[in-house]
Amino acid sequence: MRDEKPPTLADLDERLRKAREAHAPRAPTTAERQNSLGYRIIADLLAGIIVGLGAGWALDSWLDTKPRFTLVLLGLGFAGGVWNAVKAIKQLDAAARKPERRPE
Amino acid sequence: MEQFQIHEWIPLHLGRLNLSFTNSAFWMLVAVACATLLMLNMGRARELVPGRWQALAESLYDFVAGMVRDNVGDGGKPYFPFIFSLFLFVMFANLLGMVPLAFASTSHIVVTFALALFIFVGVTVIGFAHHGLHFLSFFVPQGVPAWLMPIMVPIEVVSYFVRPVSLSVRLFANVLAGHVILKLFAGFIISLGALFSLLGVLPLAAVVVFTGFEIFIALLQAYVFTILTCLYLNDALNMAH
Amino acid sequence: MDPAIGKYIGAGLAAIALAGAGVGIGNIFGNFLNGAFRNPAVADQLFGRAMLGFALAEATGLFGLLVSILLLFVL
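So the sequences go chain by chain: U, L and S.
Residue 104, in the numbering used here, is where the first sequence stops; the numbers in between run on with no holes.
Residue 241, in the numbering used here, is where the second sequence stops; the numbers in between run on with no holes.
Residue 75, in the numbering used here, is where the third sequence stops; the numbers in between run on with no holes.
FYI, nobody ran anything at the bench for these hints, they're computed from the structure.
Note that the structure is predicted; figures quoted are calculated from it, not measured.
Among the hints, erroneous ones may be present.
Said to hold, decoys possible - In the DSBU-like style, the derived pairs of lysine-lysine whose C-alpha atoms are separated by at most 30 angstroms in a straight line are: (1) K77/L - K7/S; (2) K183/L - K90/U; (3) K87/U - K77/L; (4) K77/L - K98/U.
Produce the entire structure from the sequences given, and follow the hints as far as they go.
And the structure:
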């Protein structure tokens, strides 16, 4: 018992097009791009600290010398995190500055 | 001196580590919450003619941005969020210490020394990352004859390593001395004002005036901490020495 | 001599360092006023640097006060 017309091919095409547009990946806006750059630098810093802490803790649990290696490797991990962050900053700086230097 | 006592509110001991949540940690969290609330909520309004809170958030931002721009130059822009967070944290931690019955978290050397140590390590690593091993020429001042070098270079190195110590002790000693003097004068009010004597008004006036001075010192110490960090960052980024 | 007496005497002697802080701060603000009277246009900029100088001069005096407090309450 069919009360309504079955959907035509044109209707189906329209619905398909709309669904694809809604789920298509859009280009990020400027604010989103800058947000992601900021989070990338934070991730560099945090990764350094967490890796340093974890490695120090593991070394201490293995050698049973409780706070020394944890503190030393925490400091080294922090320094490494800052190093990576600065490298990322320099790379972003160079990338941001390139379009100005291109001869037109 | 018991105003500086650390109380463990939520004890948490892992073996030999004491990771309890103390009153110092709580007040530091309150300082962070104040800074976050101020900038996120009050800075979110985008009216062209700002209301009071938006004007406060904007003027703080402008103040620290001007400080970074003047002292570090253009290469310091990536480090502005850190300098701004540092300024807001130290300012709110100091100001919250002035609230009655609150705890001044910066009155403990461990807090200020942790801040200063991380700043020092961070700035040194930034210097090495930007200049490589050429950063070591920072310790060799220009225009000094060669026979004076063996004296000048150790002096420069030692004065470089004194930086985190002086940075942390300056903030710590200011806050500690201020709170101790306030407690002292407040004690005088009781001892001089007992038994209906009107002499107790004098230390009361002194406490009022000194509280105002302490609030000024709280703001000033936050400013000095931040501007010295900017100067150290400038030394690392643009070795103009 | 009882070591406790030595502590109190040492605390009193260490507080003499604050005299240097007073001289330094007076110096800084005197020079600031001098400069501000000669060139009132840049007085605000000068004030920022004067505050920085004040805090640095006070810091060295407070290092002495810190030794005094350390002797009295910690050691």
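Satisfaction of hint between K7/S and K77/L, Cα-Cα up to 30 angstroms: Cα-Cα ~49 angstroms, so violated.
Going straight from one Cα to the other, do K87/U and K77/L come out at no more than 30 angstroms? Roughly 15 angstroms separates the two Cα atoms, so the pair holds.
Measure nothing beyond the straight line between the CA atoms of K183/L and K90/U; if it is 30 angstroms or shorter, mark the hint as holding. Outside the cut-off at roughly 50 angstroms; violated.
Would the pair K77/L and K98/U pass a check requiring their Cα atoms to be no farther apart than 30 angstroms? Answer holds: K77/L to K98/U is near 17 angstroms, not above 30 angstroms.
The structure does not agree with the numbered hints 1 and 2 stated previously, though it agrees with the rest.
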